[in-house]
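Engineer: Residue numbers (my numbering), protein chains in the order written: chain S, 1 to 296; chain P, 1 to 254.
Source of the hints: derived by calculation from the structure; they are not laboratory data. It is possible that some hints are incorrect.
Which stretches of chain P does chain S cover? Using the computed rule of at least three CB atoms under 8 Å from a CB of chain S, they are [said to hold, decoys possible]:
| no. | stretch |
| --- | --- |
| 1 | 131-141 |
| 2 | 226-239 |
Which residues of chain P face chain S? A partial, calculated answer using Cβ under 8 Å [claimed, not checked]:
| no. | residue |
| --- | --- |
| 3 | Q49 |
| 4 | A59 |
| 5 | I111 |
| 6 | G114 |
| 7 | A121 |
| 8 | G125 |
| 9 | E210 |
| 10 | G215 |
| 11 | A244 |
| 12 | S248 |
| 13 | F249 |
Label-pair ranges, simulated between beta-carbon atoms [unchecked claim]:
| no. | chain 1 | residue 1 | chain 2 | residue 2 | range |
| --- | --- | --- | --- | --- | --- |
| 14 | S | A127 | P | D35 | 53 to 61 Å |
| 15 | P | G66 | S | A84 | 54 to 62 Å |
| 16 | P | H68 | S | R224 | 42 to 50 Å |
| 17 | P | V24 | S | T225 | 38 to 46 Å |
| 18 | S | R73 | P | A219 | 33 to 41 Å |
| 19 | S | P86 | P | L239 | 13 to 21 Å |
| 20 | P | G235 | S | I68 | 26 to 34 Å |
| 21 | S | V83 | P | Q229 | 19 to 27 Å |
| 22 | P | P228 | S | V83 | 16 to 24 Å |
| 23 | S | T87 | P | A219 | 20 to 28 Å |
| 24 | S | R73 | P | T156 | 26 to 34 Å |
| 25 | S | T214 | P | H68 | 44 to 52 Å |
| 26 | P | A219 | S | G7 | 18 to 26 Å |
| 27 | S | H18 | P | A246 | 31 to 39 Å |
The C-beta atom is built at its ideal place from N, Cα and C for all residues, glycine as well.
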Amino acid sequence: MSDSYYGRPILKAPAWRHDIPAYLFTGGLAAGSALLAAGADLTGRPRTRRAARLAALGALGASTYFLINDLGRPERFHHMLRVAKPTSPMSVGTWLLTAFGGAAGLAATAEIRPRRWNGPAGRLTDAAGRAAGLGAAALAPGLATYTAVLIADTAVPSWHEARADLPFAFAGSALASGAAVGLIGAPPSEGGPARALAVTGVALEVAATHRIETGLGLLSEPYRTGKAARLLHAARALNLAGAAGALLGRRSRVVSALSGAALLAGSLATRFGIYEAGVASTKDPKYVVEPQRGSA
Amino acid sequence: MSAPQRMGFFTDTSVCIGCKACEVACKEWNGVPADGLDLLGLSFDNTGQLDANSWRHVAFIEQPVGDHGDMRWLMASDVCKHCTHAACLDVCPTGSLMRTEFDTVIVQADICNGCGYCISACPYGVIDRREGDGRAWKCTLCYDRIGDGLRPACATACPTESIQYGPLDELRERAQARLEALDDPQARLYGHDPADGVGGQGAFFLLLDEPEVYGLPPAPVVTTRDLPQMWKRAGLAALTMAAAVAVSFLGRRK
Numbered sequence: 001m002s003d004s005y006y007g008r009p010i011l012k013a014p015a016w017r018h019d020i021p022a023y024l025f026t027g028g029l030a031a032g033s034a035l036l037a038a039g040a041d042l043t044g045r046p047r048t049r050r051a052a053r054l055a056a057l058g059a060l061g062a063s064t065y066f067l068i069n070d071l072g073r074p075e076r077f078h079h080m081l082r083v084a085k086p087t088s089p090m091s092v093g094t095w096l097l098t099a100f101g102g103a104a105g106l107a108a109t110a111e112i113r114p115r116r117w118n119g120p121a122g123r124l125t126d127a128a129g130r131a132a133g134l135g136a137a138a139l140a141p142g143l144a145t146y147t148a149v150l151i152a153d154t155a156v157p158s159w160h161e162a163r164a165d166l167p168f169a170f171a172g173s174a175l176a177s178g179a180a181v182g183l184i185g186a187p188p189s190e191g192g193p194a195r196a197l198a199v200t201g202v203a204l205e206v207a208a209t210h211r212i213e214t215g216l217g218l219l220s221e222p223y224r225t226g227k228a229a230r231l232l233h234a235a236r237a238l239n240l241a242g243a244a245g246a247l248l249g250r251r252s253r254v255v256s257a258l259s260g261a262a263l264l265a266g267s268l269a270t271r272f273g274i275y276e277a278g279v280a281s282t283k284d285p286k287y288v289v290e291p292q293r294g295s296a
Numbered sequence: 001m002s003a004p005q006r007m008g009f010f011t012d013t014s015v016c017i018g019c020k021a022c023e024v025a026c027k028e029w030n031g032v033p034a035d036g037l038d039l040l041g042l043s044f045d046n047t048g049q050l051d052a053n054s055w056r057h058v059a060f061i062e063q064p065v066g067d068h069g070d071m072r073w074l075m076a077s078d079v080c081k082h083c084t085h086a087a088c089l090d091v092c093p094t095g096s097l098m099r100t101e102f103d104t105v106i107v108q109a110d111i112c113n114g115c116g117y118c119i120s121a122c123p124y125g126v127i128d129r130r131e132g133d134g135r136a137w138k139c140t141l142c143y144d145r146i147g148d149g150l151r152p153a154c155a156t157a158c159p160t161e162s163i164q165y166g167p168l169d170e171l172r173e174r175a176q177a178r179l180e181a182l183d184d185p186q187a188r189l190y191g192h193d194p195a196d197g198v199g200g201q202g203a204f205f206l207l208l209d210e211p212e213v214y215g216l217p218p219a220p221v222v223t224t225r226d227l228p229q230m231w232k233r234a235g236l237a238a239l240t241m242a243a244a245v246a247v248s249f250l251g252r253r254k
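Kindly produce the complete structure, drawing on both the sequences and the hints.
Structural biologist: Okay, here's the thing in structure tokens:
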């Protein structure tokens, strides 16, 4: 047991509310959906494309709400746009999200064009939608993984120590939630790629999370105790069930949709679990002192 | 006109008498709001920690000495470290946190939008969001006084010169001399070394025990130091995502 000042924390707990882990989920969902939409667009899967483009826009809207709502001064959200700072992952993310928002918004708009526009106006809208959708997909991997850098670039011991694996956990989580949109929103006949993505995403997410839970010495402890552990256990069960359902339920719309729901819930639980573990690691000074003393 | 010298604090805790004049002077000069009466039951410390409404914090530690029931008191006035490599400043997405001509670090209250990133970035748990105000606040090293040649309020009020203000180079020399004069095997300087994890603190300390006894991290680092490595991992993960999508769709053209 290391010395401390009356056992009081050395660090401040994150000032963020639950908007931030919620955004980690919706940002990943937006990115995963944009990738699925682009793949569906290029391979002739219109119903998957439509569902995924609309989901990307919806998730983007939710992300914007969470990010602004969490600010201490929400009316000053545009102060984020007065600088572009490479040393601040939040600044990098702001610009990434802004660019992604424009592209994903345009792609979704093309999706809701009136059916009766089947002349040149319709073709132009579709072409613009495709270009915008590909643009959004190009930005999507960055959008899904910068958030890992954002939380790892802090003094929060269990986040910073997980810096090598967090991007892979978030990448997998985003892929799985994007795949879930395809499983829920499109018929099984279009669902081959979404099923493959569900399995790949879950494999990445579960493997990276496992490394975080076991490979960080003392700083893995917050991931294996309390609320964080309960959330991460639930996340693993939901993710594995979702992946299994995606594989086995390939002929059933209902099983596919249920699998998609499990994947979404699993991704959400992963984000909240990782978030809670970081918060817990700021509250006990041993997580600061022992690793810095080289005794953990 | 040449740039001003780097200014800072040397807090010599060996002469601190725990009067808290620094806490009071800081609150008065800077108009820092009260945060209520809170009796913590931790020796004479009812402030608890540095936060949005406490920019100086006097710690009181009661330690047993020897086998005869004797004890010693350690007292120390903590403050923002004004790091050479300041994580709060690095991560601030609005440019609200800035470095002054005195190489100190301040928050511009008219810019801060309360995103809270600096709070998680600070390895000392100094900067904090103020309840009901929403913005981040911390010690300014009395930016509005030192520009006019005045000493910061806390250093001016300190009756024992435990808090010394001046050019950082000079303070480092003075601290070294004090450490030698003190001749106490437990005494050590904290945050004076430009080779440490934050590039040296603009506000450093002479302590009489391990830093963690005072609630200070023993070997803090500025985590932005690892940013290139972190972006590389994120880039790799992003490529993995793109490859996974490509493989999932490949050969499945309808």
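Engineer: All hints, please: hold or fail.
Structural biologist: For each hint, the structure was consulted:
As drawn, the stretch 131-141 of chain P meets chain S at 4 residues by the rule of a beta-carbon pair under 8 Å; at three or more, the given contact holds. Under the rule that three or more residues need a Cβ within less than 8 Å of chain S, the assignment of the stretch 226-239 of chain P holds, with 12 such residues. The interface hint given for Q49(P) is met, as the beta carbon of that residue sits about 7 Å from the closest beta carbon of chain S, less than 8 Å. With a cut of 8 Å, the hint placing A59(P) at the interface with chain S holds, because the nearest CB-to-CB distance is about 6 Å.
A hinted interface residue such as I111(P) counts as satisfied when its beta carbon comes closer than 8 Å to some beta carbon of chain S; here the least separation is about 6 Å, so the hint holds. The beta carbon of G114(P) comes within 2 Å of a beta carbon in chain S, closer than 8 Å, and the hint placing it at the interface holds. With a least beta-carbon distance of about 5 Å to chain S, the hint placing A121(P) at the interface is held under the 8 Å criterion. For G125(P), the interface hint holds, the least distance from its beta-carbon to any beta-carbon of chain S being 4 Å, beneath 8 Å.
Taking 8 Å as the C-beta contact cut-off toward chain S, the hint placing E210(P) at the interface holds, the least distance being around 6 Å. Proximity of G215(P) to chain S holds as hinted, the smallest CB-CB distance being about 3 Å (cut-off 8 Å). Annotation: interface hint on A244(P) holds; nearest CB of chain S at approximately 5 Å, less than 8 Å. At its closest, the beta carbon of S248(P) sits 4 Å from a beta carbon of chain S; the interface hint therefore holds under the 8 Å criterion.
The beta carbon of F249(P) is positioned within 8 Å of a beta carbon in chain S (closest approach about 4 Å), and the interface hint is therefore held. Between A127(S) and D35(P) the C-beta distance comes to about 59 Å, which sits within the given range of 53 to 61 Å. Distance hint for G66(P) and A84(S): a CB-CB separation of about 60 Å, consistent with the stated range 54 to 62 Å. Distance hint check: the CB atoms of H68(P) and R224(S) are about 44 Å apart, consistent with the given range 42 to 50 Å.
For the pair V24(P) and T225(S), the supplied restraint of 38 to 46 Å holds, since their beta-carbon distance comes to about 41 Å. A hinted range of 33 to 41 Å for the beta carbons of R73(S) and A219(P) is consistent with their spacing of about 34 Å. Separation of P86(S) from L239(P) is about 20 Å and conforms to the stated range, judged on CB atoms against 13 to 21 Å. Restraint check, G235(P) to I68(S): a C-beta distance of roughly 28 Å satisfies the suggested window 26 to 34 Å.
Between V83(S) and Q229(P), the C-beta spacing of about 24 Å keeps the proposed range 19 to 27 Å intact. For P228(P) and V83(S), the Cβ-Cβ distance of about 20 Å falls inside the hinted range of 16 to 24 Å, so the restraint holds. Here the CB-CB span from T87(S) to A219(P) is close to 22 Å, well matched to the stated 20 to 28 Å. A beta carbon spacing of about 32 Å between R73(S) and T156(P) agrees with the range 26 to 34 Å that was offered as a hint.
A hinted range of 44 to 52 Å holds for the C-beta pair T214(S) and H68(P), which are about 48 Å apart. The supplied range of 18 to 26 Å is met by A219(P) and G7(S), whose beta-carbon atoms lie about 20 Å from each other. Range check, H18(S) to A246(P): Cβ separation about 34 Å, and the 31 to 39 Å hint holds.
Checked against the numbered hints given earlier, this structure breaks none of them.
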